[in-house]
Amino acid sequence: MNKSSSILKKASEYLLTFLVILTLNFFIPRLMPGDPFIFLSSSEGQVTITYSEEQIAKYKAYYGLDKPMIVQYTSYLANLLQGNIGYSIYYNNSVLSVIGKRVIWTVSIVLAAIFISCLIGTVLGSLSAWYRNGTFDKVLYSFIIAISEIPAFLIGIMFLFILAAKLGWFPLSGGIKTFANYSNSVEKITDILHHAFLPVLTLSIVRLGEFYLLSRNSMIAVLTKDYMRTARAKGLHNKRIIFRHALKNALLPIVTRVFLSLGAVFSGAILVENVFNYPGVGRLMREAVMVRDYVLIQGIFLFVAVTVLTMNLLADIIYRRLDPRVN
Amino acid sequence: MFKKILKAAIAMALVATLGLTGCSNSTPVESKIEAIKKPVVINLEGEDIGYPTPFSHYSRGPGSFKMALIFDSLLERGEKGYIPWLADKWDISTDGLIYTFSLKENVKWQDGTPMTAEDIKFSFDYYTKHPPVSNDLTVDNKSFIQSVEAVDAATVRFKVEKPLSILLGKIGNTRIIPKHIWEKVEDPLKFNTPESAIGTGPFVLKDYNKEQGAYKFEANKDFWGPKPLVDTLQFIPVSDSVLAFDKGEIDLTGNITTDILPKYQNDKEYKVLQNPAFWGYRLIFNMDKRTELKDKDIRQAFAYAIDKNELVEKVARKAAVPGNAGYLPVGHVWFNPNAKNYEYDIEKAKQLLQGKKLSFKLLTSNSNNTSNSNNSNDELRIAELLKISLAKAGIELSINSADTKTRDAAVKKGNYEITLIGHGGWGGDADLLRTAYSQEITSSQSPSTNSIPGYSNDQLNKLFEQQLYEMDAAKRKKIVFKIQELIAEEIPQIPLYNTTGYVVFKPAKFDGWKYMFDHHEVTHNKLSYLDVK
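Residue numbers (the working numbering), protein chains in the order written: chain C, 1 to 327; chain E, 1001 to 1533.
Because the hints were derived from the structure by calculation, they are not lab data. C-beta atoms are modelled at their ideal positions from N, C-alpha and C, and glycine is treated no differently. Please note that a few of the clues may not be correct.
To be verified - The list that follows gives simulated cross-link-like pairs (lysine to any residue, SDA-like), each with its CA atoms no further than 25 Å apart:
(1) E/K1462 with C/S52
(2) C/K101 with E/L1044
(3) E/K1184 with C/Q46
(4) C/K60 with E/N1106
(5) E/K1210 with C/G83
(6) E/K1190 with C/A57
(7) C/K58 with E/N1192
(8) E/K1361 with E/K1413
(9) E/K1514 with C/Q46
Stated by the list, open to error - Covered stretches of chain C (chain E as the covering partner; in silico rule of three or more C-beta atoms under 8 Å from a C-beta of chain E):
(10) 45 to 53
(11) 64 to 73
(12) 92 to 103
(13) 124 to 135
(14) 163 to 173
(15) 276 to 285
The following block holds chain C by itself, in its conformation from the complex (with noise of 0.2 Å):
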């Protein structure tokens, strides 16, 4: 098989693949019960305007929600080839400046945890792998698979309590003080690096695990190779084996893994973007999909799925530059 038609194949296995989840994405909204305009109940305490059936009637007919649904199914297709996602139902907004003026925190946070995660998981694990079956692969193995084990919100509710309110060193909520005035953006930058601190934070234990794990079984394979006796042999310096030698192989499942577990690392912020009250995008999808905005449900999976995909190429390219054996 020449290149260009793998690259051929490649790319049309990434269009179906997209063309599902489009599809999906637009149906699987529609099909849950509910409507985005029956409200009866409210939760505890707080008030909800139910519409008349008049107000219903008029809000499905000026959303294009009264025409059938393969109709709809057409118009949001040939919308979005125009780059047009829609007008957010609930938020009265287009859903790309709701969904832009949210992004920018959650990717911000998730990155910022894949790669503290990564580093200290990788590190971790590589030390974990050179002593292992020792006292301190042992300790660091049950502790970190304990505190992986506690679910997100779990870990954010803690530190919410300890860190933020007892000890008042963080903020109890929200991504930037509200209406505060900086003098200057040193200011501004450390006062959002002070509100993201406790989301990253959490976010970054519980993905610690992951990369621990995988850097430490890989890291075993690499060290029972043959190539790693050579180099105990020609008497290198630990540091220098474990880093240079070993951990340069091992890194490739740690790659592919970065990319792959943003999926995973987005899901993990809608909850704790829900404990820390922060203004991502996974707070967003909660009150969407609660509230069922299908407009906005259909954009918010449409940014996700595209930024998987995104991911998934871009680990597919770097894994081939990788390792020379892929192709």
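Dock chain E against the given chain C, drawing on the hints supplied.
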């Protein structure tokens, strides 16, 4: 080297000046003056409720109340009833078909344009074409206004279709929007520029951040009415209301559970208010699906077999009152204390059932609407307790739970046997009884208006009609009292309990909190922030 010394010298000089100015600020006299002049800034728990215009705020949550800080109405909801607001006086013709309002003088829009009767006429006309999110201008799904006329600059006259007793509040509560801004607006849902948030109200929107859910309102310096007590009103995001209150981030919290209540009650620094019981849970029977429920004895057996006090104690942690079988809760202006009351009595329930073994499916929700609330499982807890106590009488319940939207959709379609639903608005006009119990009505307008499938009672329907057309308040009240007695006896649905949550604040900082006569939240009341007696 020399440069370094120079820099150090400048820095020291700066520090010294700062220190000096710091000292001069802290002399006792000046700090006193500062304390007097210091603007009142109130921070409250916030969430995104949309852009605060009559069209853009969300239907869920307190959006309409934030919008009302900017937009005034002809009447306002005081502590006892409706009070004059944009309208000074009003008159209803003897046939109940003509409402005439005289407007206050010198009312100005926040952009300086004078408000006139034309604006009032325009608002009502505009709403017929484009209904606002919270639409008061219909009765049973039909618009009741025939025409609105601006008689002169300060008088508006409404002609209505039918002489109904409930129209004054509905007209009075409608938000007035400026003609000179909105007459050009074709699509009000997409109109949310700063211009759209210009009203005549006591507060001006200064800042809104959708992602953070933050709002900043400032007192309208040219407000025509009572003096604002608050200079800046901010709604900010919090993760946990009580934590944020203890840290001083917000000035009032409503999420106080009975367990931590004593901490605040025993401390003079705090003041605790208990909300009126205008938010509640009720159990609705679907008599179309289960015709056995048409039998009054069985419904009464349910009522006797439910221990409402236990629910209040265990689920609401005592921050509630048991539901009133006559529906209107204690504290409602027209609550009838003489309506039948069903004390928990398993023996009576068994007698009424006459040995019948029945089983029903109970539909509840298992999720919560809001992101910040932590009482998500209350409905399930109620359901489990109901299951236990009903089982003692011989009624078996199986509990189905679904997310709120799914449940609401099922209820709307009548796709349930018995359901448990919680909502606010129990303090509203007594006509809510008609919409909650009458089979005639197919529409829904407030959360309490999904009538009971399969239930119809001629006597009740007649009384509902009577109170709707009775323009004399005293006579109408009598009819409403009779209705409560009848529905308590008939018990077509069972009000379980009405919550009476606590709010805590520091009176030294701000002590203006007041309730509206028909609503359970002080922060929703715009009069809380104004100097009104």
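Checked hints:
1. Distance hint between E/K1462 and C/S52 is fulfilled; the C-alpha atoms sit about 24 Å from each other, no more than 25 Å.
2. Proposed proximity of C/K101 and E/L1044 is supported: the alpha carbons are some 23 Å apart, at most 25 Å.
3. Between E/K1184 and C/Q46 the alpha-carbon distance is near 35 Å, which puts this suggested pair outside the 25 Å criterion.
4. Distance check on the hinted pair: C/K60 and E/N1106 sit about 41 Å apart at the alpha-carbon level, beyond 25 Å; violated.
5. The suggested pairing of E/K1210 with C/G83 holds, with an alpha-carbon distance near 23 Å, which does not exceed 25 Å.
6. With a CA separation close to 18 Å, the supplied pair E/K1190 and C/A57 stays within the 25 Å bound.
7. Taken as a hint, the C/K58 and E/N1192 pair is honoured in the structure, with Cα atoms around 20 Å apart against an allowance of 25 Å.
8. With a C-alpha separation of about 16 Å, the suggested pair E/K1361 and E/K1413 falls inside the 25 Å cut-off, and the hint holds.
9. A threshold of 25 Å between alpha carbons decides the hint, and for E/K1514 with C/Q46 the separation of about 18 Å falls inside it, so the pair holds.
10. Given a C-beta distance limit of less than 8 Å, the hint that chain E covers the region 45 to 53 of chain C holds, as 9 residues qualify and 3 suffice.
11. Coverage of the region 64 to 73 of chain C by chain E is violated. Counting CB-CB distances below 8 Å, 0 residues qualify, and the rule asks for three or more.
12. Counting residues of the region 92 to 103 of chain C whose C-beta sits closer than 8 Å to any C-beta of chain E gives 5, which meets the bar of three, so the coverage hint holds.
13. Here's how the region 124 to 135 of chain C fares: 0 of its residues keep a CB closer than 8 Å to some CB of chain E, so the rule of at least three is not met and the hint is violated.
14. Counting residues of the region 163 to 173 of chain C whose beta-carbon sits less than 8 Å from any beta-carbon of chain E gives 5, enough to reach three: the coverage restraint holds.
15. Three residues within the 8 Å Cβ limit are the bar, and the region 276 to 285 of chain C against chain E gives 4, so the coverage statement holds.
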